[in-house]
Amino acid sequence: MERKTGIVAGIDAGSTAIKVTLYDGTLTENMIEPAGWNGREVAAGMLARAASRRGVRVEEIARIYGTGYGRVGLVFLTKAVTEITCHARGAAFLAPGVGTVIDIGGQDVKAIRVDGSGRVLDFIMNDKCAAGTGRFLQVMAGALGMDLATMASLSAVGAEACPINTMCTVFAESEVIGLLNRGTPRETIIAGLYKSIASRVAAMTARITPCQPVVLTGGVALHPSMHKALESELKLPVTVPGQAVFAGSVGAALLAWDDLQRGGE
Amino acid sequence: MTLSRAQAMAHFDMAIPHAATSLKQLKDDGAKVVGFYCMFAPQEVALAAGAQPVALCATKEEPIADGEKTLPRNFCPLIKSSYGFAVTDKCPFFLHSDLIVGETTCDGKKKMFELMARIKPLHVMKLPQGYSTEADKAYWLSAVLELKELLETTFGVAITDGKLSAAIRELNEERLLIQELADYMKNDPVPLSGQDMLKLLWARNFVFDRSEFGAQVRELIGELKERVAKGEGALPKGAKRIVVTGVPTGIGAEKVLKIIEECGAAVVYIENCAGMKQFVSLVDEGKPVLEAIAEKYLGTHCSCMSPNPRRMELVAEVARDWRADGVVDIVWQGCHTYNVESRVLKDYLSSNVNLPYLHIETDYSLGDVEQIRTRVQAFLEMMG
Numbered sequence: 002m003e004r005k006t007g008i009v010a011g012i013d014a015g016s017t018a019i020k021v022t023l024y025d026g027t028l029t030e031n032m033i034e035p036a037g038w039n040g041r042e043v044a045a046g047m048l049a050r051a052a053s054r055r056g057v058r059v060e061e062i063a064r065i066y067g068t069g070y071g072r073v074g075l076v077f078l079t080k081a082v083t084e085i086t087c088h089a090r091g092a093a094f095l096a097p098g099v100g101t102v103i104d105i106g107g108q109d110v111k112a113i114r115v116d117g118s119g120r121v122l123d124f125i126m127n128d129k130c131a132a133g134t135g136r137f138l139q140v141m142a143g144a145l146g147m148d149l150a151t152m153a154s155l156s157a158v159g160a161e162a163c164p165i166n167t168m169c170t171v172f173a174e175s176e177v178i179g180l181l182n183r184g185t186p187r188e189t190i191i192a193g194l195y196k197s198i199a200s201r202v203a204a205m206t207a208r209i210t211p212c213q214p215v216v217l218t219g220g221v222a223l224h225p226s227m228h229k230a231l232e233s234e235l236k237l238p239v240t241v242p243g244q245a246v247f248a249g250s251v252g253a254a255l256l257a258w259d260d261l262q263r264g265g266e
Numbered sequence: 309m310t311l312s313r314a315q316a317m318a319h320f321d322m323a324i325p326h327a328a329t330s331l332k333q334l335k336d337d338g339a340k341v342v343g344f345y346c347m348f349a350p351q352e353v354a355l356a357a358g359a360q361p362v363a364l365c366a367t368k369e370e371p372i373a374d375g376e377k378t379l380p381r382n383f384c385p386l387i388k389s390s391y392g393f394a395v396t397d398k399c400p401f402f403l404h405s406d407l408i409v410g411e412t413t414c415d416g417k418k419k420m421f422e423l424m425a426r427i428k429p430l431h432v433m434k435l436p437q438g439y440s441t442e443a444d445k446a447y448w449l450s451a452v453l454e455l456k457e458l459l460e461t462t463f464g465v466a467i468t469d470g471k472l473s474a475a476i477r478e479l480n481e482e483r484l485l486i487q488e489l490a491d492y493m494k495n496d497p498v499p500l501s502g503q504d505m506l507k508l509l510w511a512r513n514f515v516f517d518r519s520e521f522g523a524q525v526r527e528l529i530g531e532l533k534e535r536v537a538k539g540e541g542a543l544p545k546g547a548k549r550i551v552v553t554g555v556p557t558g559i560g561a562e563k564v565l566k567i568i569e570e571c572g573a574a575v576v577y578i579e580n581c582a583g584m585k586q587f588v589s590l591v592d593e594g595k596p597v598l599e600a601i602a603e604k605y606l607g608t609h610c611s612c613m614s615p616n617p618r619r620m621e622l623v624a625e626v627a628r629d630w631r632a633d634g635v636v637d638i639v640w641q642g643c644h645t646y647n648v649e650s651r652v653l654k655d656y657l658s659s660n661v662n663l664p665y666l667h668i669e670t671d672y673s674l675g676d677v678e679q680i681r682t683r684v685q686a687f688l689e690m691m692g
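So the protein lines, in turn, are chains A and B.
Each residue of the first sequence is one higher than the last, beginning at 2 in my numbering.
Each residue of the second sequence is one higher than the last, beginning at 309 in my numbering.
Derived by calculation from the structure, the hints in this document are not laboratory data.
Please note that a few of the clues may not be correct.
To be verified - DSSO-like, lysine-lysine: derived pairs with alpha carbons at most 27 Å apart:
id, chain 1, residue 1, chain 2, residue 2
1, B, K545, A, K80
2, A, K80, B, K566
3, B, K494, B, K545
4, B, K335, B, K368
5, B, K418, B, K428
6, B, K340, B, K471
7, B, K445, B, K434
8, A, K236, B, K654
9, B, K340, B, K377
As the list claims (entries may be wrong) - Short, incomplete list of chain B residues facing chain A, as computed with Cβ under 7 Å:
id, residue
10, A328
11, T682
12, Q685
13, E689
14, M690
By construction, the Cβ of each residue, glycine as well, lies at the ideal position given by its N, Cα and C atoms.
Okay, chain B solo, but in the shape it has when bound (with noise of 0.2 Å):
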């Protein structure tokens, strides 16, 4: 069997590459960038407000060092690298955003907000500790409502229901597209490779005109419907099935992924904040909308939340479900909140789907690249 990558990734490979400069041109032609780090920040309001959303870089080695010049050096590298990239204006997106929303998703970023503040106008969307409770709900409703306020403020703009139910729209649909995409994953051999997924779902925050990244992710579908009716795969058929979770693995940050597939093994899905967090739900159309996007982005099963048990089932579903034969926990040094709930997770698997489990503490640097290998290796050679 011939292992092949399918030849629609051809569009994402060129998609970041070519972020920079479209990002340029849609400002130049007048339009309003709101800049995000991460899922908790709701998509459609910023869309409601005609402005273009856009993730802003945080995963890279490269400013990290400048990171350190402010930031404590055993903090994770996400913030380091995010606030890096802020300082020393090396990230196109981060320069070309009006107004940058952050949330206190960790004490280290809270913080890290708090001086990022100086350099650009920037909002931070407080988050409650949990997502059960009515408390909760109303209380994330009133920042979602003071976004949508600010927002309005900002651009002189009124964000009507209208426009937010047209977002809501056109995100959940894309949304149902990428869940229709992760299902293709669900075959052996798998005909995506995980990097490939990785690159899709990165890249999909860096295309600004959404009809054309949902054309070619159809287009991708189609050719891997093709590629399963003739067992065509990425990695080779009966390769060991790995699901990945904990901290986003964004581009530049994806060793760990790329060390497991250059294994042997098959990432079938990502679960982590990089991956499929924010696909797997969508905003109910039926309800009130400020109110039904707020309940959607609540229900984030971040570890920032406390206690977190929607993760639990979540991942034991998706394992069983992708059928993997292991999971793969990936933590950033310094990312507290991942890094104790993985002994959560790793008794939640054990003791509810009996799958084998590996937590691998690390971060953006290649020092420990064969320390990983020579575990991800063995966690291989366990499942026999």
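If we strip away everything but chain A, and leave its shape as in the complex, we get (with noise of 0.2 Å):
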């Protein structure tokens, strides 16, 4: 197969979105839509109108290497690497000199200690649950009757934040609807949602000793309010890179071009 030397490609299969990033030493080009129920397909789909903008076959491109929580299924990748390893060398790229990563994701949320050339000295991953995950908020805008997309328009607006009392998924969206059966406006809802989120964040980074700059990575850092939430809660300044949704592919596709440079398969 001839390989068209000087492109590569990363994708991030996450749980809730894939990301494709291409990469030819001075350009990106990247690309996000909603992983939907196959994965795989989605993906594969995306790859291929990824390449043809760049006027290549996807067997052109010379390697594409994957991550996130559905790398696993990705028959077509040169390489598999992991989300952490990835997101720290993505925001690296994204905002040069990043001292730690935090990425709050679909389903999981990681905190990552970067050196200057983006490689991992130290991470930490949440645990079985959903707390504190992209799955997290958009459960609970469900309880509020909205889609995440409003709830994170919304709560822009820097309403006072009322306390959410558990991280438990289940047990926090009863907390949701018994504050709404209350007559607690909406608003003040979200703003204690994102500060509890915030706060279990903060918590968990501490426990690698985050040093600045600290960048905010993820679907969730979208959300300008989770943004000032983890300010406050961090209390450190967080910065949120333009493209901060694809660090992960960002990352893989970088990986990708540096083992390219250096040769071999």
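Need the complex rebuilt from these two chains, each delivered in its own frame; the hints are there to steer you.
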């Protein structure tokens, strides 16, 4: 098979969305779509369209590195790499000089300490449950009768936060419904939810002794209130780079690129 | 290079499946059996009483639901498993034990033993909180003496110094043999997998003919010597080398070891109680017997001891000697002493040997295998 040199791909097959990045040394092409029920097919389709935009066929992409929860299902990968390594590398590219990456994805939360070149020095991930993840927010949005996008924009008003006492997704849903029934304004509840997630994420991050600058990536990074809540809980400035949601796929593409430059398979 | 398994491992594959039958046979022939849960139990004393020391079941998921009928759900899986096995009579070794010896290694266990004592003759050895002062040593010596006297009364025997000396020599010889075996794990490629090392050490608790066990280990050592000379490995040459520490990870609860090796790294040293912890030091043959036994067992660097500097020093030393690329610290949910000590260990390793460290908190269930795999893979990627 002829391989067109100079183009590599990174795919981040998350639980909620799939991200694809093409990289040729100077330019990235980023694409995001919902994971749907067949992530493998969605990823393959996205890769084909991204390649065609760059005027190449998928077969001509020199290397395809995959990461994320769905990486094991992607049969066409050159290599699978964990999301920890990819997010670190991607975040260091999107926000040069980053010291700590906090990634809040659909089903997990991770805090990663990185060195100047985006190498992982230490990391921590949430345990078995959904507490503090995008899925947690999604369930709460459902209980509040809205979608995640509405939640993200509503919360931007900057309301007073009411305390949310549990991080168990099921019990928190009951708590939210209870608050609604007592007439608590939705904005107040939403602010409370972001604060409670931020406080949990901050406690987790403290375990790896975060160093500045701190960068927030992943789907939940797109919620402005999350960003603010996290800054106030961490008591550190947090930046959200322009392409924050693509940190994983950008990282995968860059790792593929590094290996390609080093030569060999 | 072809990856292969040492043939002599076949002995140890069958040791545990055969153990229940051989113990039943011994019992039918009139043997006395002392069941123990923890390595603080001085096995020399049981041997000198003419009894067979045997490890009790505690490392399987299956009886946990039965344990939870009585014990709190958020207890450590090891305690729930032990108790579940005991109350359901699913552990043949528990069934055949004439006496159970427990220790106050944690609050959960000591309270569980109060419940367990309702179904079996059970003696709990009370540990001091530390191992360094003269008062600690005197206190533990009295606990060992109490056990000796109890075994004498229970089995109607006299435990003489001569019998204790013989038991000390027998077990010291075994400890030296295991140390010799562990030394082969310093090679690259590693000639034996960590999972096989664990299986062998676990089997040791269930082989009742100790000279036969010794001969089998010698045979394995002979084979490992040849494998090293030929460059044969259980894992590829250049595989990342991992030292595992933390809670006991016996057969049935070895999932993290399995994941590490499935990810392509070699577990070159198992520092915990299921591994090398009990074999790293000998009973001093030059000292009065009971004192020497008490001294050896009290020196166990378990997280139940406060403070526990010996564990930090030893993990660092082992990591250096076995040329580890990283340390994986496994902690069962609800095991507060190991869980808190993880922080101490992480800091110690980072300031003394600058080694990557991964903390994994889990239980016996398989629900988090993929999450653990991701952490282990990321940990290995971190090493480049």
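A quick look at each hint next to the structure:
no., hint, result
1, B:K545 - A:K80, "holds, 21 Å"
2, A:K80 - B:K566, "holds, 22 Å"
3, B:K494 - B:K545, "holds, 12 Å"
4, B:K335 - B:K368, "holds, 25 Å"
5, B:K418 - B:K428, "holds, 15 Å"
6, B:K340 - B:K471, "holds, 16 Å"
7, B:K445 - B:K434, "holds, 12 Å"
8, A:K236 - B:K654, "holds, 25 Å"
9, B:K340 - B:K377, "violated, 31 Å"
10, A328, "violated, 34 Å"
11, T682, "holds, 5 Å"
12, Q685, "holds, 5 Å"
13, E689, "holds, 4 Å"
14, M690, "holds, 4 Å"
Checked against the numbered hints listed earlier, the structure breaks hints 9, 10; every other hint is satisfied.
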